[in-house]
Amino acid sequence: MKDEIRKKNNTLNAYLFLSPALIVLLFIFGYQIVRLFWFSLVKWEGYIYTTEFSNFLYYKQLFTKDMVFKSLFRSFIIIAVVLPVVIFATVFIVHNIYRKVSGWKFYRWLFFLPAIIPIVVQAIIWQYLLNINGPLNTILKALRLEFLVIDWFGNSKTAIFALCWVIIWRELGFSTVIFLAELAHIPPSLYESAMIDGANEWRLMRHITLPHLSRIIKLYIITMTIFILNNLFSIIFASTNGGPGYATMVLEYYIYLTAFRYTKTGLGTTIAVLLFLITMVLVIIYLRASSKKKLEGVF
Amino acid sequence: MTAVGKSQIPYRVFVQIVFVLFAITIIFALYYLVANSIKTAAEINVSQFTPPKSLNFSNIKYVWKKADIGVSFRNSLIICTSGCLISVCISLITGFAFTFLRFRGKRLLSYLIVSTMYISPMALVVPLYLQMRQLHLTNTFAGIIIIYLGITLAFAIYLMTTYLKAIPEEIIEAAVIDGCGNTGILLRIILPLMKPGIMVVGVINFSVMWNDLLFAFIFLQKVEKQTMMIAITSFRGAMGGGNMAYIMSSLLIATIPIMVIYLFTQKFFKEGMSMGAIK
Chain A
43 MKDEIRKKNN TLNAYLFLSP ALIVLLFIFG YQIVRLFWFS LVKWEGYIYT TEFSNFLYYK
103 QLFTKDMVFK SLFRSFIIIA VVLPVVIFAT VFIVHNIYRK VSGWKFYRWL FFLPAIIPIV
163 VQAIIWQYLL NINGPLNTIL KALRLEFLVI DWFGNSKTAI FALCWVIIWR ELGFSTVIFL
223 AELAHIPPSL YESAMIDGAN EWRLMRHITL PHLSRIIKLY IITMTIFILN NLFSIIFAST
283 NGGPGYATMV LEYYIYLTAF RYTKTGLGTT IAVLLFLITM VLVIIYLRAS SKKKLEGVF
Chain B
62 MTAVGKSQIP YRVFVQIVFV LFAITIIFAL YYLVANSIKT AAEINVSQFT PPKSLNFSNI
122 KYVWKKADIG VSFRNSLIIC TSGCLISVCI SLITGFAFTF LRFRGKRLLS YLIVSTMYIS
182 PMALVVPLYL QMRQLHLTNT FAGIIIIYLG ITLAFAIYLM TTYLKAIPEE IIEAAVIDGC
242 GNTGILLRII LPLMKPGIMV VGVINFSVMW NDLLFAFIFL QKVEKQTMMI AITSFRGAMG
302 GGNMAYIMSS LLIATIPIMV IYLFTQKFFK EGMSMGAIK
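Chains A and B, in that order, are what the protein sequence lines are.
Under the numbering used here, residue 341 is the last one in the first sequence; the count climbs by one each step, no gaps.
Under the numbering used here, residue 340 is the last one in the second sequence; the count climbs by one each step, no gaps.
Honestly, the hints are just simulated from the structure, not real lab data.
Any given hint could be a false lead.
To be verified - Each computed DSS-like pair below joins lysine-lysine, with the alpha-carbon atoms no more than 30 angstroms apart: (1) K147(A) / K256(B); (2) K283(B) / K306(A); (3) K112(A) / K142(A); (4) K147(A) / K331(B); (5) K126(B) / K183(A); (6) K328(B) / K142(A); (7) K260(A) / K112(A); (8) K306(A) / K286(B); (9) K126(B) / K286(B); (10) K260(A) / K331(B); (11) K331(B) / K142(A); (12) K260(A) / K167(B); (13) K328(B) / K147(A); (14) K260(A) / K126(B); (15) K283(B) / K331(B); (16) K107(A) / K147(A); (17) K256(B) / K328(B); (18) K226(B) / K328(B).
Using the sequences and the accompanying hints, generate a full structural model.
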């Protein structure tokens with residue numbers, strides 16, 4: 043009985059400590075997500091919502107809009123380009139930093155730098171660097187590679203790859219730190235004994251480094267997929283605005299345009315529901331993959 | 062080591078070539094940013110590659126005064142500093158409860174908190190915008206700070222708990238035996254031990270808030286309230302292909318604070334990595 047009371051008191055006490063965070067998170071996330079679903083079901087007149095049920099009007103509209111699925115597909119193109127490049131490059135970088143190639147300390151410091159430059163600043167700088175008269179094209183001209191002289195962000199065929207490059211360039215900073223922390227668990231003797239057996243560096247990378255990173259790579263693939271689906275607004279807003287044409291229009295940006303520029307708020311929130319649901323599926327996969335023991339929780 | 066070294070010279074050369082090429086993109090991008098914000102428009106027209114002839118800060122002075130960059134810089138500093146302080150305090154006490162207190166619903170709650178880290182920001186924007194307008198919190202610092210607290214808390218709590226877990230249980234037990242209450246433990250024992258954790262969480266929160274474009278753009282539409290990221294984007298939009306020196310100066314001003322903060326707190330990040338707190 044006494045024990046029971048103590049437990050209860052403790053729960054109460056703990057929730058006292060938890061309350062500020064819970065109030066903020068419930069207000070910003072919980073309550074707004076409920077409203078999001080509700081907004082997708084009622085009729086809208088411009089920016090003003092009514093309390094009248096729309097009979098799934100916006101859900102029907104959603105499936106007739108080509109742009110929704112085209113822009114979702116574009117996100118997956120970006121994922122298909124960025125993920126393999128970042129993962130292979132990161133494994134290569136961290137293997138060689140961990141194996142202490144000459145200058146590894148400098149490289150470790152330098153490769154992290156792009157991660158701390160504001161993303162908007164990066165997007166704008168790379169627009170200048172890849173401009174038709176910018177430094178990259180000047181160098182290409184000097185090397186007599188005229189056929190490669192392209193307005194990378196301004197050409198509808200290359201814009202999406204220019205965008206991918208900016209994401210990769212920034213992301214390598216983060217992924218290197220994360221993967222290096224995971225590598226720290228490998229005893230260096232493992233490499234030494236493999237080298238006595240005559241293995242070269244490529245084989246060490248393939249048979250020691252890569253298997254040790256497999257857990258983090260799995261988690262990284264899921265988080266990066268979530269990130270690319272949901273967090274490209276600032277890069278696109280500061281660089282291409284979804285253009286040229288619709289070449290870099292991703293779902294997230296299309297929601298912004300629909301809700302705030304085309305004044306179709308009802309449809310905008312409905313597309314947002316779609317994006318939210320896709321993301322939640324990925325989050326559940328992530329949480330399942332990340333908890334080692336079932337009962338442990340995340341913290 | 063040495064025995065293998067010789068046969069692997071082609072490999073080493075290959076690694077260096079790849080690393081140097083990637084390093085050049087980073088160094089050149091930074092050089093380009095700094096050099097072109099110091100050069101005059103005439104110098105840039107001649108070449109974008111050459112270093113500036115003289116140290117000339119007139120571009121920076123111009124954008125600071127004339128292009129509202131100064132005002133936005135001040136706004137960003139106020140929002141990010143206060144937001145970051147509140148976020149650190151809240152995440153510290155939340156992390157404390159998760160690490161040292163027993164309560165019901167802990168596991169479920171931890172999942173819910175972590176999942177807010179991944180919720181699509183764009184899904185929140187419309188309902189939040191209407192909410193904030195109802196509460197008359199659009200175009201106010203208080204409004205944007207509440208939003209920033211929401212988006213930074215999950216990761217801050219996650220990071221705080223990993224640091225808090227490193228504190229030995231015996232210290233806490235000894236304090237309990239001495240009759241120390243929860244608040245006493247938090248203030249007198251945990252707080253002094255948590256300096257590295259607090260610094261790392263603080264810097265990350267600050268940079269997330271400093272770098273945000275989406276929420277600032279939707280919720281702070283008045284020029285006198287706008288943040289740095291909005292100022293540089295709209296300045297660039299207004300200048301178009303115009304004076305590049307001015308645009309680069311505005312970008313440089315937006316980058317410096319975050320760089321300085323990182324350089325000063327670097328050692329805390331290194332410690333954190335070695336104890337495996339940052340994953």
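Which numbered hints fail: Those not satisfied are hints 3, 5, 14, 15, 16.
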